[in-house]
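Protein chains in written order, with this note's numbering: chain A, 990 to 1446; chain B, 990 to 1446.
In case anyone wonders, no lab produced these hints; they're calculated from the structure.
Here a beta-carbon is modelled for each residue, glycine too, at the ideal position from N, C-alpha and C.
Here are the computed distance ranges between Cβ atoms for each label pair:
id, chain 1, residue 1, chain 2, residue 2, range
1, A, Leu1081, B, Tyr1235, 41 to 49 Å
2, A, Ile1346, B, Gln1174, 42 to 50 Å
3, B, Ile1346, A, Asp1223, 24 to 32 Å
4, A, Thr1086, B, Gln1323, 43 to 51 Å
Protein chains: 2
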Amino acid sequence: MRTYLDAHKHSHLDALKEILRVPSVSTSPEHAGDVQALAEHLRNHLESIGLKKATVHSTPGHPIVTAEWLHAPDAPTVLIYGHYDVQPADPLELWETPPFEPTLKGDRLYARGASDDKGQSFIHVCALEAWLATEQRLPVNVKILLEGEEEIGSPNLVPFLEENKVWCACDTVLVSDTAMFGKNQPSITVGLRGLAYLEVHVEGPTRDLHSGVYGGAAPNPATILNDMLSQCIDLKTGKILIPGFYDEVIELTKAEQEALHALPFSMDTYTKAIGIEEVVGEPEYTVHERVSSRPTFDVNGLWGGYQGEGAKTVLPAKAGAKVSMRLVPNQDPQSTADKFKSFIHSIAPPSVRVNVINHHGGSPVVMDLTSDPIQKAAQAFKEVYQTEVFFTREGGSIPIIADFKRVLGVDSVLMGFGLNEDGLHSPNESFSIEDFYRGREVSARFLAHMASDGTEN
Amino acid sequence: MRTYLDAHKHSHLDALKEILRVPSVSTSPEHAGDVQALAEHLRNHLESIGLKKATVHSTPGHPIVTAEWLHAPDAPTVLIYGHYDVQPADPLELWETPPFEPTLKGDRLYARGASDDKGQSFIHVCALEAWLATEQRLPVNVKILLEGEEEIGSPNLVPFLEENKVWCACDTVLVSDTAMFGKNQPSITVGLRGLAYLEVHVEGPTRDLHSGVYGGAAPNPATILNDMLSQCIDLKTGKILIPGFYDEVIELTKAEQEALHALPFSMDTYTKAIGIEEVVGEPEYTVHERVSSRPTFDVNGLWGGYQGEGAKTVLPAKAGAKVSMRLVPNQDPQSTADKFKSFIHSIAPPSVRVNVINHHGGSPVVMDLTSDPIQKAAQAFKEVYQTEVFFTREGGSIPIIADFKRVLGVDSVLMGFGLNEDGLHSPNESFSIEDFYRGREVSARFLAHMASDGTEN
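Work out the full structure: start from the sequences and follow the hints.
Following this line, the structure appears as structure tokens:
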């Protein structure tokens, strides 16, 4: 197995590069053709490595690709989930290499989606190929499900799961769309934050006005937007001021707190890695707690009036913002979005028209780290990386983890191969080639362990 | 004279259209060639109508065009000032006709600069042409000065005035760059607000971050920008909260207040004209006072993070805003800018880097409405429009009016031919053709009255 994987490093990397070249940006209507083309390419690839019934399923949005290998009657069934869509690449001018021309520099591969999630999910495809090529079988039953809408909130995945419950039935879901705790510090993610994402539009005058002629009497949507958003969070205490926001928040148990406090942390490394002067947020929580186990309020986008060079004395007709809130158990994305919406409308001055649009959301999730699949994943990591495995909580959201639990009744194993420095959603996203290579063996070993009765460790 | 002006309506309109076709946007470096070309075109035109020494003066920025006619030894000298540069046309998609293809619809001419200030300043050129064509002389000495940098704060005009004090010497400056009180309600502007215009840049992480991975601990420049700007004004009371902001503000005298209160005003017409639900600002002042005689704080532009379609969960690396403050006597643009800058730095959290850039500013100005030139301008208006003339204060800024006073020691006559509905600085800027035609006669008569000893009224 290892021989095969070693011999196929280059061909696997080349196959990944081919996938990264397709700009499958799910949020941009103009890239719909690229998303479709990549779905078909993946179907063909899954078929070519020996998986059965490789299929591109049409949805009202972007397609879902599935394939299977179900010839291990006494073994459990693993559903491997990944997504082949990516975030937009802008701001384009900040990329040092073209986002859709994967470029190897040192030990990292640069491209949009290199880590999130094309690179990570392709690791399992390589592991399946290695099993089928060397053993002509898989140790467990495997179903693979790749969606093209993760970055826009997976609107068609839950309907697909519900309509295909029988096919989707499994013992565990395997997902690689998270980060390791650090370089050579493999970890299994046992908690994820949820997400509520909204857009606020403020409209005042029917046209942009001269700020000299009307300033002082005409409502300014940009000023009003600033004012409303500033009322959502107290930056001094880090507390979110939306009424009822914390009502459903469960504080960490002492055990969970201790697990987080046990994780290594260097403030200096942390602030330097992202180039900030100092951290912000709730001082009574550690940084690990703030970014993984506490809810947040962030402005993700802001616009209004004149953004060009120089000075334009305009009183803008409208302004807008994208805002998101990360959620923790037991906050609900819909009810949190409703609270935000009600609050904004309650503080909106009568001089302007305010519209709040709810984008996708996702529920927070916490897994039992003592469960059999999670322990087996840790074992596979340990064998390949030759080091202890951390159990962490991540601040990001993978809403479908909660959906798998709800619709299929199973927990997921979050076997992350990314690193925090991968720059997900940022310019110059990259992925460690070494972890791409090693990940294939971790995946292959995990499948083998899943076939046995208990951990052998 | 009137016969000549009537006979040349079409040729004057065509000549104006030719000027409007040149996109002389002074704030955009890519339009520098257009600004230069228009300067040369104007020089040729001034020469062709019989003015002397028509010249394009190079400056470190855009050129200044001058011409003169100085053959009335016993008569006073009028310096006619105008500007041939325009504001940017964006947002382009909101124009119903191309901004640089002047289009006549009903009784209005649509184009960027139609009113501000190409249309208004060309009125005087037509009046001079009429005098020279019919009488082969002007009733007074005339110097004409057209600049190409008014919309970017006239950085090279004051140096020009100072270096050419002898040539610029005059008894009064005539400027048409303001609005009449209303349709068929001619007015002379006797007060203008000043301006301080700044840009705030907030920089946090060195790159855009994933808001899930870092949200809760990494400083968010967009959220912080919102918070800082919201601390500059209390939208409920309309009061500006920058420390010391009102220190130099002189309240209106009772007489000035009464003059403003005497102006007709309909709240319904006002709010409907700009499509707002209700006015905002300081409730203890009338709307006329708020927009002409009270200082303001407005956000003119706002940007940060993701502005595209859909959802992007980015924690932006930076955010920025353009802000401006309208000033009233005796506020000083530089010291007001300094107060804003100090305030922003004093409230900027240590987690981010904040940079405040000062754009151009201008001092507020108030004129004596009983002065001879202003009374003669009112007389000319009255003769042509056959109605009483209002004396108003405008909310906009023409910083060079204060500069003329300071450098040349003379007051200006603000003979506005615009209307509030002209849409200055907005898409679909337009100018009333009827006022363009009548304005030429007002200008011609004003020059005649200036030659006499006192008003004949």
